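Put the two chains together into one complex, using the hints given.
The lines below spell out each chain.
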Amino acid sequence: MSGEFKLRGRVAARLGDNIDTDVIYPGRFLNITDREKTAEHLFELAYPEIRSRIRAGDFLVAGKNFGCGSSREQATAAIKYAGVGAVIAASFARIFFRNSINLGLPAVVSPEAAAALQEGDEVELDLTGGLITRLATGEKFAAAPLDPRAAELLAAGGLIPFLKRKYSS
Amino acid sequence: MGMTLAEKILARASGRETVRPDEIVVAAVDLAMSHENADLVRKSFLEIGAPRVWDPERIVIILDHRVPAESERTAATHKAIREFVHAQGIRHFYDVGRGGICHQVLAENGHVLPGMVVVGTDSHTTTHGAFGAFATGIGATEMAGVWTEGRLWFKVPSTLRILVRGEFAPWVSAKDLILHIIGRLGADGADYRAVEFDGPAIRSMTVASRMVLANLSMEMGAKVAFTPVDDTLLEYLESRAGRTIPDSPDFSPDADAGYEKVLEIDVAREVPEPQVACPHSVDNVQPLSAVRGKPVHQAVVGSCTNGRLEDLAVTAEIVRGQRVHPRTRLLVIPASQQILLEAIRLGYIQTLIEAGAMINPPGCGPCVGVHQGILAAGETCISSTNRNFIGRMGSKDSFVYLASPAVVAASAIAGEIAHPEDILREEVA
Chain A
0 MSGEFKLRGR VAARLGDNID TDVIYPGRFL NITDREKTAE HLFELAYPEI
50 RSRIRAGDFL VAGKNFGCGS SREQATAAIK YAGVGAVIAA SFARIFFRNS
100 INLGLPAVVS PEAAAALQEG DEVELDLTGG LITRLATGEK FAAAPLDPRA
150 AELLAAGGLI PFLKRKYSS
Chain B
0 MGMTLAEKIL ARASGRETVR PDEIVVAAVD LAMSHENADL VRKSFLEIGA
50 PRVWDPERIV IILDHRVPAE SERTAATHKA IREFVHAQGI RHFYDVGRGG
100 ICHQVLAENG HVLPGMVVVG TDSHTTTHGA FGAFATGIGA TEMAGVWTEG
150 RLWFKVPSTL RILVRGEFAP WVSAKDLILH IIGRLGADGA DYRAVEFDGP
200 AIRSMTVASR MVLANLSMEM GAKVAFTPVD DTLLEYLESR AGRTIPDSPD
250 FSPDADAGYE KVLEIDVARE VPEPQVACPH SVDNVQPLSA VRGKPVHQAV
300 VGSCTNGRLE DLAVTAEIVR GQRVHPRTRL LVIPASQQIL LEAIRLGYIQ
350 TLIEAGAMIN PPGCGPCVGV HQGILAAGET CISSTNRNFI GRMGSKDSFV
400 YLASPAVVAA SAIAGEIAHP EDILREEVA
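Same order as they appear, the protein sequences are chains A and B.
Residue 0 is where the first sequence starts when you use numbering that gives the first Met the number 0, and the numbers rise one by one after that.
Residue 0 is where the second sequence starts when you use numbering that gives the first Met the number 0, and the numbers rise one by one after that.
If we strip away everything but chain B, and leave its shape as in the complex, we get (with noise of 0.2 Å):
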């Protein structure tokens, strides 16, 4: 029997011919990622007492959580993190202006190939799956751990395949697709499993959506989760590396391989409209039409999930000439600055602006509930972002929908949960 892409990659990195479901291995690591908690990994790591990081070219450190910083215990633990990289000579810090979100910069400058092993003190590092990247979140000890001796221990996940066919309905995006798989399988329905999407409608997606379904998976488990390696991104990490990346068997699962469970979805039937999920699990998830109609205050754009260029040309798009309901206001949030410049050149950034949204610097901004813009108790947020967690954006009653770009920029034209069919309909009559 063949075996599964992370199988595969968990082979390569621990030197052996094959591995299977719940071996043990111990892998080296090609890339170790950490963001503002490179201060816990820092204070664990020195008292491991090793004199120097194992590799500081394989150490990527970006602040995206609390920037710039916001309180001075904040301001302390950049500088911290600061003075560590310089005396260890971690080259790839991405400071502050720098950056964005960090799994939007490891992408965009070409940190991440197919067929890594890629941690990251971040759980949504499941990502980097969408470059053909065995990558997974770990904490901050852990990291110390890696750090000191470059590799890491993995029990060898068994593989979730999962099949997608059919076109997408108007304005159902890759978002609705991955909430409407964890509303189906559920807050724990891939723990400690890969997870393989593949399927015609996969391949027909963007890179950026790619990652949206790579990201997601989090939420219901999954230690990795790939989307397949073709020429659609292979051309996107050529464009970042500035090199040609040959493709390789190492990079797609053997035809054989052997799964726990394989998962078929028509997109078209399964899916016919935008999903929304409720407060406060991620896996509550309604169809739009259940949920349309409840007013809402706050209305977010932003994060490693939907910050992204074809995020901000949607909301862009249905905006455009309208302005933002006077109940609710718009927060945008470029997930890097790359993302930002780029928006502004093609006009965006003016046209939210127009309507009356406020654009956040890139960064995590309110996802993770610490600054730029906090719910106050019995208010309601529709967001682009992965968590509802009750107090996830701020007071404990609060109540937070997740939501594509597209259906956050329409709710919050229409100052309630809406559909972009709405908000256009009515600028025809």
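This is chain A alone, in the form it adopts within the complex (with noise of 0.2 Å):
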């Protein structure tokens, strides 16, 4: 990837450790499998409330070990699909980390800023270079630089667009 990898938006709700998969997007609604459609359940039935206050291209932040649990795509569609931007948070779980890769949306691993940001603070984040800023403050923090593999598929979009180039010629 060449270039620049920088995102700015808001943080729209900050959650605490494990939020798991079925948290994220209830088991009842895994027969749906419009990628757009699973927005609408988002954290349904533990938090219903974050769906509407998230505005296009709003950051999330978590503790550790979000996305624990099922393997479920649909946690991360319906993540990406109500408008964040990024996930920020202490850590990942590795299905959930990869899904959203694999869907083009940044997932982001900083444990500094994960304990700092608070909710409606607008950040700046560098993907490439592995910085987050509070622009209110100025105030940086250190994130795990994004490695070369993931930085090319977010860059394609995620992994469908990213092997359509190569297979649908």
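Hints are computed from structural coordinates only; laboratory data are not their basis.
Please read these numbers as outputs of a predicted model, since none were measured by experiment.
Take every hint as true, because none was put in to throw you off.
With a straight-line Cα cutoff of 30 Å, these simulated DSSO-like cross-link-like pairs (lysine-lysine) come out:
(1) K36(A) x K78(B)
(2) K260(B) x K154(B)
(3) K165(A) x K42(B)
(4) K42(B) x K163(A)
(5) K395(B) x K36(A)
(6) K154(B) x K163(A)
(7) K36(A) x K42(B)
(8) K154(B) x K139(A)
(9) K165(A) x K5(A)
(10) K42(B) x K78(B)
(11) K163(A) x K36(A)
(12) K36(A) x K165(A)
(13) K165(A) x K154(B)
(14) K154(B) x K5(A)
(15) K163(A) x K78(B)
The structure is reproduced here in structure tokens:
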């Protein structure tokens, strides 16, 4: 990937540790296989108020092990199609992290930012540089820089557009 | 320095002599499994635009989460999957009535062998580490990439080795051991890591019990989890695959492999009684004595964790000649058609029905919270399944306790969380 990969957004919600994929996207809606429609059920059982707070490009901030549990890709799709521009967490469960990159949703690891950022904060994310800035104060937090493979997939918009170039000619 | 089993398998599958933790490798996939979410995979695959799947013989699809279809929407996804497998020539398709829970079906039909790289669009794909396979869960779009290219990138995991010795106390099972370990290490205690279980207490376990360890290792974040490839396993595999599987050094870690951490557990001392995972996380583990007496409205024996023949056997043993408590219902879900048939032959099903249990058809049942045993607000369930997250089995205001089939069966009779000894003692008295 060449050049910078920066995003700006507002923290729409702050969540705790071990937010599982049943909480993100309840099992009862798994037979919805249109990605856009999954957004209607984001956090529906546990935190239904969050969905209405999200504006396009907003960020979610969470504690450790975000997205643990089921491999359901709808959990990632629901966050992405609800308009979230990136998720910042102290750590991610591995399948959720891979799903995010594959669907083109930046998942950023930063224990420092996850502890400090508050709802409503305006934030700049430098994905390639591994830096998160709270714009109001200029405070900076280190983030794990994207590895080249993840950066390539995110830049392409996810795994489908990435492979499409290769296979659908 | 030698290699762990995860390192050995990834080295072989990526055409390398050796690999080390944190290296990125691209590994050839030996088996790709999906269930109902094959419909999501199918959609992503069609978007990518490759005309054919890479190898229809290496793809297995099993309907299990919503069988038989509980709604028109599910019926449509089942139909789309049937049409796709037919069009692509995917022979290993287990439709309604011909399989059961995906992990059990893979195991009992000899699809998984030691040394394989197995990916599944189900987080509990770690189960197949009980067969010496590097087996892990992935998402649907990633699986569409596998269907297209037959390979996948992995970060080589570091390995946590767990050595278990000692005799299991009466009514303490593999489920109690792994709940204890998850409680100790936490829900992210093995995140991104491989786990190797070994030691005399593991080697004396049945294959079904080893599957419980590998299955639930997912609940502490493990990428893969292995139990040893030994004579017990090879005999099991030979009976399923219908041919001899010669042992190989490729199926075991090297004696001088490098581990991130080695944990030693004396099961007799450290797990002296059954364990229970309390709401709403699998690492919220208490000894049974701390939660005994908690009233339960529903008791469930089933799932890819604990719905096998030995689980039905212990359930039948405990409820034999007794009645499920009037304020409680007991649901039993055999993990597969084969297990159901065997349980009928052995008389377990009759015993269970005479005690007042309901037998659900083989499949995931209420574990994933979509049908066949949903909980109302305020209800409490004790379950042999694998997750107790908020709303997992129904209302967000319901409560799920996870335990062994023996504890679930005893609790169904008592109407409250109980030790099997409570029930069997009463019977004698």
